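Trainee: Residue numbers for the sequence shown, in the working numbering: 12 to 281.
Rather than coming from a laboratory, the hints here were simulated on the basis of the structure. No experiment lies behind these values; they were computed from the predicted model shown. Please note that the accuracy of each hint is not assured.
[To be verified] Listed next, the in silico DSS-like pairs over lysine-lysine satisfying Cα-Cα at most 25 Å (straight line):
#1 K56 / K196
#2 K47 / K114
#3 K182 / K47
#4 K218 / K182
#5 K56 / K122
#6 K143 / K122
#7 K196 / K143
#8 K182 / K114
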Amino acid sequence: MALSRRHIAGLVLLLALAGCRQETPAPAGTTSDHSKVEIRSLLLKDRRQSPQPLPGEDLRAELSLIETSEAGLNRQIERWVGSHCPRDPEQSSVPESGAACLKLWMDGCLKQATALAGTDTPVRCSFSAETKVVLNRDYLLSLALESYADTGGAHGMPSVSYLNIDRRNGKALALTDLIQIPEPKLRALLEQQLRLALNVPPQASLKASGFFEDRLPLTDNVALDNEGLRFTYSAYEIAPYSMGLPNIHLPYAALAEHLAPDSPIRRLLP
């Protein structure tokens, strides 16, 4: 059936209106934050047995690795994970990826198992690590690598390492990129926050509270989060193993006057 000019004009108008509806922006509440990077998790595992398995042998390694929608960022994260892989000091090469880290660990486990072959000593050699997102906003990405390595001693060793990246230029941020503050002042702020967190009076000794020294050393193991900077010390660095991995949180309000002129922290402030 032939369409009249009036029908054709009406059909064209309907199609035009439909096209307009398809291009209408979504409501403000449903738009995505393009300053955030897409994150997904990838679990890597490596489990082997020595050529002559020993009683109680436990050789394994696993890593939950963060992947993003940005290839260049993934390479940076992989190198960071590899650089924090536990390894024998005699091994000169540093793994450049999560998979290479697991292989290096398992090769060391097999070497240990071979050395104990013919003995009744159980071989315990395991490593687990997880990459977590601490902050992901305003083109800033802060990651934590939480790991636990067990080589059969009295206990395993926990560890936390941080990576802070400014995605606008791909730069890994050092503490000096964030704040400019004299060491004595920073040390005083850290001690003040530590005492507040533990309810230790200013005049009381930190050693009496279980720490090795009354004067805190500085650490550059720091993460950006929504409220401030998180400083985390290694096991045995400032306190016994029983105290875990001590961390001190400095709120941005306490650091406002010490921000570097172009500090990315300024993006996080109200």
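Trainee: A separate judgement is required for each hint: does it hold in the structure or not?
Mentor: Results of checking the hints against the structure:
1. K56 / K196: 44 Å, violated
2. K47 / K114: 32 Å, violated
3. K182 / K47: Measuring from Cα to Cα gives roughly 16 Å; hence the hint holds.
4. K218 / K182: 38 Å, violated
5. K56 / K122: 19 Å, holds
6. K143 / K122: 31 Å, violated
7. K196 / K143: 30 Å, violated
8. K182 / K114: Violated, because 28 Å separates the two Cα atoms, which is more than 25 Å.
The structure is inconsistent with the numbered hints 1, 2, 4, 6, 7, 8, although it conforms to all the rest.
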